[in-house]
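Just so we're aligned, residue 0 is where the sequence shown starts under numbering that gives the first Met the number 0, counting upward by one.
Accuracy of the hints is not assured; some may be wrong.
Restricting the straight-line Cα-Cα distance to at most 25 angstroms, the calculated cross-link-like pairs of lysine to any residue (SDA-like) are [stated by the list, open to error]:
| id | residue 1 | residue 2 |
| --- | --- | --- |
| 1 | K459 | D445 |
| 2 | K45 | T151 |
| 3 | K396 | E462 |
| 4 | K459 | R136 |
| 5 | K86 | G16 |
| 6 | K88 | R136 |
| 7 | K522 | D551 |
| 8 | K45 | S137 |
| 9 | K88 | E10 |
| 10 | K629 | T59 |
| 11 | K625 | Y609 |
| 12 | K88 | A116 |
| 13 | K396 | K213 |
| 14 | K88 | S70 |
| 15 | K488 | E467 |
| 16 | K426 | D445 |
| 17 | K88 | L6 |
| 18 | K214 | V447 |
| 19 | K139 | E454 |
| 20 | K618 | Y20 |
| 21 | K519 | A132 |
| 22 | K435 | L219 |
| 23 | K460 | K488 |
| 24 | K460 | K435 |
| 25 | K522 | G484 |
| 26 | K45 | P56 |
| 27 | K45 | K460 |
| 28 | K618 | Q21 |
| 29 | K519 | K86 |
| 30 | K488 | D572 |
| 31 | K8 | K435 |
| 32 | K488 | D551 |
| 33 | K3 | P125 |
| 34 | K460 | A208 |
| 35 | K214 | K435 |
| 36 | K618 | E60 |
| 37 | K202 | V447 |
| 38 | K139 | K213 |
Rather than coming from a laboratory, the hints here were simulated on the basis of the structure. All figures in this text were calculated on a predicted structure; none of them were measured in a lab.
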Amino acid sequence: MTTKFRLEKVEIHSTEGPVQYQFPSDLTVLAGPTGVGKTTLLELIKWGLGGDGQLAPVVTENVLDLSLQVSVGENRFRLSRSLDPQKRKNVRVTDLVTGERIRDYQVKSGEDGSLNALLMTSLGLPTDMRAAAQTGRSTKAGSRITFADIFTYMYVPQSEINRDIARSQDSYLEPKRKAVFELIFALADPELFDKRSEANTLKGMVEEASDHHKKILQFLRDSNTQSKEEAEQEREKALDSQREAEEQRTQLRDDIDPVTDRETQALRDLLSEAERSLADARSTAVFLGRQAEELSGERRRVNADLARLNRMRDAGERLAQIEFTTCPRCMQALKTREVPHGHCRLCLLPDEAASTDELDQYETVQLMDQMEEMEKQLAFVDQQTQNARQLILDRQKLVRHLEAAIDTRTANRVSPRLQAYSDISEKIAASRVAQKHFENVLQQWDRVADLANVEDELRKKYERTVREIEQKDSQLQERRRYIVGEISKEFNRVVSDLQIPGVKEASIHETNYLPLLNGKPFKQFSRGGGIVTATQVAYWTALLAVALRERDVPYPTFLLLDSPRLALNEEQDLTSGLYRRLVTLAEANFGRVQIIVADHALPTAYRKEYAEIAFSYAKPTISSVKHPGKGGVKPLGATTD
Numbered sequence: 000m001t002t003k004f005r006l007e008k009v010e011i012h013s014t015e016g017p018v019q020y021q022f023p024s025d026l027t028v029l030a031g032p033t034g035v036g037k038t039t040l041l042e043l044i045k046w047g048l049g050g051d052g053q054l055a056p057v058v059t060e061n062v063l064d065l066s067l068q069v070s071v072g073e074n075r076f077r078l079s080r081s082l083d084p085q086k087r088k089n090v091r092v093t094d095l096v097t098g099e100r101i102r103d104y105q106v107k108s109g110e111d112g113s114l115n116a117l118l119m120t121s122l123g124l125p126t127d128m129r130a131a132a133q134t135g136r137s138t139k140a141g142s143r144i145t146f147a148d149i150f151t152y153m154y155v156p157q158s159e160i161n162r163d164i165a166r167s168q169d170s171y172l173e174p175k176r177k178a179v180f181e182l183i184f185a186l187a188d189p190e191l192f193d194k195r196s197e198a199n200t201l202k203g204m205v206e207e208a209s210d211h212h213k214k215i216l217q218f219l220r221d222s223n224t225q226s227k228e229e230a231e232q233e234r235e236k237a238l239d240s241q242r243e244a245e246e247q248r249t250q251l252r253d254d255i256d257p258v259t260d261r262e263t264q265a266l267r268d269l270l271s272e273a274e275r276s277l278a279d280a281r282s283t284a285v286f287l288g289r290q291a292e293e294l295s296g297e298r299r300r301v302n303a304d305l306a307r308l309n310r311m312r313d314a315g316e317r318l319a320q321i322e323f324t325t326c327p328r329c330m331q332a333l334k335t336r337e338v339p340h341g342h343c344r345l346c347l348l349p350d351e352a353a354s355t356d357e358l359d360q361y362e363t364v365q366l367m368d369q370m371e372e373m374e375k376q377l378a379f380v381d382q383q384t385q386n387a388r389q390l391i392l393d394r395q396k397l398v399r400h401l402e403a404a405i406d407t408r409t410a411n412r413v414s415p416r417l418q419a420y421s422d423i424s425e426k427i428a429a430s431r432v433a434q435k436h437f438e439n440v441l442q443q444w445d446r447v448a449d450l451a452n453v454e455d456e457l458r459k460k461y462e463r464t465v466r467e468i469e470q471k472d473s474q475l476q477e478r479r480r481y482i483v484g485e486i487s488k489e490f491n492r493v494v495s496d497l498q499i500p501g502v503k504e505a506s507i508h509e510t511n512y513l514p515l516l517n518g519k520p521f522k523q524f525s526r527g528g529g530i531v532t533a534t535q536v537a538y539w540t541a542l543l544a545v546a547l548r549e550r551d552v553p554y555p556t557f558l559l560l561d562s563p564r565l566a567l568n569e570e571q572d573l574t575s576g577l578y579r580r581l582v583t584l585a586e587a588n589f590g591r592v593q594i595i596v597a598d599h600a601l602p603t604a605y606r607k608e609y610a611e612i613a614f615s616y617a618k619p620t621i622s623s624v625k626h627p628g629k630g631g632v633k634p635l636g637a638t639t640d
């Protein structure tokens, strides 16, 4: 069934006080001359619903807060949004059914806790659908369908009333405009939208995979890379060459082993023994050298002792002949000194009874014996050292002789085979390098094959998705023809009733859902005499009428029209027909539709059929703020209302 969307009340809180407007009627006209703020009020309604409404200077300079009381589906909400730049990103929501203050919702539509999600859910519409382009080479999943997109079917602003239908002249918005039409008339389901987005994404992935595949192929061609077959053949050749060389190396190793015969082995044994003997001789020479140093040191010590004894004996003999009369230390006279008998006049010690010459001679003899023994030991060590040095020279000569003999035998019998062994090893290494090269080439071709497989799988998946879309479209085709046909009939009837100049036949295009006038797109038709505005009213009211009749579509039965008479000028018949159409639609669907029209000059014939809120320069829409007068109004966008 159609979705109920109704604006019940608008509250504007300005610096000078609050202003509120109620909308109990199915058809309400905001009447007043240009510049009193009718468009300002409609843009505030859009802004309060989370849109990017144009805010007039009187709003930005004086309004603090805005509250809308709306009925959406089975819910009733109060939506309050601050004009403060720091707070305007959030909307305060109150559930009017329960009276409970719900958490704040963000204006940004991409968030889960956004006002968009609340309104879309209340309308019974999914929040995650995307509008994918169905023509051209688009590879995008499409932008998300939000309440702001639904609102383009609920609000015809003054800037568009005599120019465009749902911004259809903006080609980049074409996919979303058509998607919203199909959504609110149930001409496509969420699964179909998902499939379309998936198809576009897959198309991009196929193109990317194909481009990558082609670039790799082109690179291989430009670099003169061998073909996969050639690389496989060359790799097999390299493998065969390696196997053959390894067999030759094994055979050569077996041939080399017996060459080491008994004589060569005997020479190697003698060489080992000579090297050990040489090492022992060198060790002995080192030991003897250390022993000679120790004996020389001891000999020097004994010589020092002998010299000391000789000096002492000589000094004693010399001093014994001197009769001291004066102390050699303090220079005091000793002649008058009383000295006991048998004591030294100088030190007063008793004179020695026996001579020490014999004792000194014994010590000297002992030291001389030690010197003689050490001289013999040094002579023996010196002789041993000379023998060790000679042994070292002999062993060095023997080692050189044995090494030369072994080298001669191996040079004549083993070296040629070793050269062959080295050549074969190099051949094996070259074969392995060649294999590595061709394996790298084959890996590149494997990468190409993988890319081709990925491209093929993606292409199959894309084609399968396209078939599913076509199947789904064919299932919905009958309903699409029926709904578009009903809208065309209603649109043609309304155009005929309005008697739009020059229009003999009107219909709706089957695929872009836009008006056709005399078989031509409406944007190619004459735009004079209020034709565009009248076509707008006929189109939107036809959509509403069919949605109200069908009942099984989620179309929000709500319409804001801003200044439909602006371009009609003196076309009184067209103006009367326009309002007659609005009144008839509201009367035929009592309580099920809401239409709010902002206009400046109203036809008198139908004033009793709708509710009217009158504005003037003395009583503008934001009446708490004094109006500066007709000449002092700042324009809202490119126009003033």
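Inset, instruction - Just pull the numbers of the violated hints for me, sorted ascending. - result: Hints 3, 6, 7, 8, 11, 13, 15, 16, 23, 24, 27, 29 and 31 are the ones this structure does not satisfy, whereas the remaining hints hold.
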